[in-house]
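Engineer: Taken in sequence, the protein lines are chains A and B.
Heads up: take any position in the first sequence, counting from 1, add 791, and you land on my numbering.
Heads up: take any position in the second sequence, counting from 1, add 558, and you land on my numbering.
Read the hints as simulated data drawn from the structure, not as lab findings.
None of the values given here were measured: they were computed from a predicted structure.
Every residue gets a Cβ at the ideal spot worked out from N, C-alpha and C, and that includes glycine.
Just so you have them, the derived chain B footprint on chain A, three or more residues with Cβ under 8 Å:
| hint | region |
| --- | --- |
| 1 | 1004-1014 |
| 2 | 1022-1030 |
Facing chain B, according to a computed beta carbon distance under 8 Å, are these residues of chain A, among others:
| hint | residue |
| --- | --- |
| 3 | Glu834 |
| 4 | Ser942 |
| 5 | Asp972 |
| 6 | Val973 |
| 7 | Ile980 |
| 8 | Ala1039 |
| 9 | Ala1044 |
| 10 | Leu1053 |
| 11 | Glu1061 |
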Amino acid sequence: MTKPLLSVNNLVVTYGARKHAVQAVAGVSFEIFEGETLGLVGESGCGKSTTGRAILQLEKVTSGSVTFDGEELTSLSPGEMRTRRRKLQMLFQDPISSLNPRRKIKHIVAEPLIIWKEGDDESRSHLVDQMLLEVGIDPHLAGERYPREFSGGQCQRISIARSLVANPRLLVCDEMVSALDVSVQAQIINLLSDLKVKHNLTLLFIAHDLAVVKNVSDRVAVMYLGRLCELGPSDDLYAHPLHPYTAALLSAAVVPDPTVGLSHHTLEGEPPSPINPPSGCRFRTRCPKAEARCAEEVPELREVRPGHQVACHFPLEAVPVSIQS
Amino acid sequence: MAIDQSPIVVVDHLSTTFRTPRGPLKAVNDVSLTLERGSSLGIVGESGSGKTVLSRSIIGLLPTQNVTQTGTATINGSEIIGTRHKDLLKIWGSEVAMVFQDPMTALTPTRRVGQQIAESLRINLKLSRKDANLRAIELLRQVGIPSPERRARAYPNQLSGGMRQRVMIAIAIACGPEFLVADEPTTGLDVTVQAQVLDLITELRAKSNLTMILVTHDLGVVATRTDNVAVMYAGRIVEQAPTASLFARVAMPYTKGLLDSTPRIDAPSHTRLSSIEGRPPDLVNPPEGCAFAPRCTYATDECRTVRPELVRSTLDANHLFACHHPLNGHQASSSLTENK
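Excised from the complex, chain B in its bound form (with noise of 0.2 Å):
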């Protein structure tokens, strides 16, 4: 078998609108992006950016009631997008797997944990009953739980938060999936715990050349585990590039005030801080031109009226920004109508 070269993931002006009592809520806004195989994107924003919206929208893990969607998202080329709850459901699992911030609430309270991963393997690899302990077992022993067999017949209330987001990973990966969506998988996990858990994630990631999705708000974890990035403000993405490119050259203000008001181990003590003031904008009511135009330093007029498009840097291609304005000497070489 030839290896496949196409993107798995294709996003094409996406957008997701929630009908809430106050009016139509837009909490993804025209995204499209692209994810080679084996490559990983790390979404980062604040809360009610949209980037857990956007994360369950490309799976197609959404309620139907209550959420209109335009544009489309296809993963290994079949649509997403719009197709039935009952189809995604031969996806789930086999193609994609989700790994959720909290997972208390994503594991049942009243199964053991063993049988939580069988379950899946019994599905959608038609395994028998005692092959999928058996597997469930030997997944445990690979998400590095310390004796795997007490720990299967375990609930997971027996469990501490950092060996729950393990067997969740267990879940995750039960039927080798190609692609990972990991939504604040750490967060309110232990420094120590975090970093275990991130260790783990990327270790399996290079084993079974996993594709992944890391939502976070933590600008440091994307720093050290994801090879792109995607900066999202009130639905919008406003800067995308490669890892290393976005923090060594920032083009959005909105990304360097991030920056900038996180505080930072390696600075001294007392550092002032340099905060964004304000607050991010209403998407019931968004305001016209750049969202950010509202809290941010270099806006003009132009900014308040016309909304920037996310266009490509002259000083790399694989930078993206929408500002009319970019930081760091960055330049829009031409409008992307076409993402990739």
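Bound conformation, chain A alone (with noise of 0.2 Å):
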């Protein structure tokens, strides 16, 4: 983990316009770094897919930069993108509606190496069974066969292998496992790893469960409303949270374990509308700590512990404490 391979900066992105402009992402920046897996958790409509796909540029952004790799990509033109998206891939919530049904497993994961005209058929369809092969499909069963006869957790591996095939450096992953079951989710995580160290991939990882974003990720970012409220190592973060944010979603996410019991610190309400986010501090509404100073200036993320930033006029107090609370 030496240099950024993706930095965003101040990354703001708008839905519709004027009256009804809503800010969907409002200032957003972070690094992520060479081999690292970032982690972003947030409610529904925080705005953490949005950022996801403004990277990728499916996302028009309205201001502020994405640079990969040392280049800026907010101002490539659309078929300059196109080129340097197989280097950026993205993979999906529902793996059995990210496939084409009406093609056949191996064309599918054949397709990137088709549109970047790479090799002939025979070294393809070579890279094609490795491939398959890589993330657990037997080729010669599931080569001629179509998306629906396949299960959610298969479709998700053969959507990693169409991902994977055209040697990919940064991979986006949009709720990838929210899907399915447990079971399923703990092959599909374990495989998303090994193949990680394999492949030396760089992950985003988009998620709303909090235990499987500490799972996967080295840092985590916490979003609410459009903006960042804390970045830091998971372990840090989770232990020792700064955000009265995340204090209040890690005790409201649950443990599969009676003895832990429950936490009372529970949030009122639900996040306000994006479309007349508060001023200031956009957790300020709901939040326990909230003072005037909230209402009026807004905060900025500032590292408070080494590598960990916080985006809070008062952050909690660095003493550990225990999730159980």
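Taking the hints as your guide, dock the two standalone chains into a single complex.
Structural biologist: Here you go:
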């Protein structure tokens, strides 16, 4: 982890125009280092998926910059961006609908190679077979079949094979295990972490499940209503959250162990509408620690502990707080 | 009136089979269970394990076409299996209520939520329109909806997912049922909202001694919100125990597999998850013997040929399991013919 492979700087994505404008992403900055997995968590509507899509320029970026491997992506023409996408791949939540139902598995996986005119038929089919084997799908049994003949977990494996066949450097995984049963989810998480090492991948892992994100990530960023609240090393962030929102999220999460018990620090209400976000700190309307300053001044992300940043005027004390609280 | 001590729900050798183009599919296979008044049972399992079909079978909420059922299920002594829809209508709402996973499709999109709550009050409790509307507003207040007078006039699409689920709960409790079936009530909700909705259900249960079946795939929800847990696999209950006992001392390798493959928030990051290889069996052609045997690391020839019955453990008479090679020192004390 030496230099950042991806830097996102003050990214803003706006949907709609003038009085109907919604800032889905309202100034987000982070870096992902080579070989690292950055987790991005938040509740529905916080802008985490939009952030992921904006990195691949699948959403129009209103302002801010996205630099991948030293190159600015936001100023590229669609044609130029297309050639860069080979190095940036995305995995989606619904693996069945993200595969073309009318094409055979071996064609689906070979398509990136055909688009990039790589090798001849023979070398492509060899590569496809090898890739399918790596994700645990038997190419001789599966190659001639269609996506509908496979379960969700198997389709997710096929999606992974397709995304990796052209040797990408960055994978953006958007809720890629959320729809899977826990035993299958564990298989896919393990597969992903093996392939990550083998293919030297860098990952942005977007999900709402705190336990899944902690398991796969080196660092975690927490998002609320279009902004980052906190960013830090996974274990440190989960053990000693600095932002009141992170602490609330963690206390709402349940552990499959009846002896741990329930926390009684659950948040009241629901996130406000991003059409008309609160002034100052966007979390202040639900924050137990909010004061007058929070309404006036937007808290910037600042480093409080080594590698651990928080956007809060009154961060929680850095004393060990057990998640049982 | 003396307090009724008899169990509220008794299910005996219940099987539910669907007719499919590929042949009969046994979604629920010979399930027996008993629910004491005021208790809560969590039913967990993966997709297709039969947990939703079982909970719906118990309250008679299944289509009649292409479904055959054997065995019995009684609620407050009245038989549900084989009872006509017309007669079940008398129990639904007043004695039994259900909260579904997706409140958007469970609510009528073209009617105001207040009217939808009032509807069951007018039918079941024969309240006048005016009284029913007032009571509906009171119920919305009870389930924690701010400014209930205004919200009662909202349509479902104008409410958030959490609010809609609260409305569903208001409809469920409107006529004071004794038995609530909640099928994945918080799946699809954010964690902070999930905690709020589960807190609400817990609070309402305590207030009116409500018996509950909570169907979920989330072991974390079960661990914290239920007294007893039944684990389902391929249409059968494979382990059933008081919640604390199940998590402290798992008997069935499948349950252990589920627990070990669940990522935990209190485990260090990059903890290797142990996954269960393979997939659940096809219920049209179920394997002989134990349905989990093809995926089980402890499986022997006995497992592949002889189906294990649900038996009591010698360690805890309330801990039941269906396994030839139980873990953690569990041993079968006697075969369980009567599940009482």
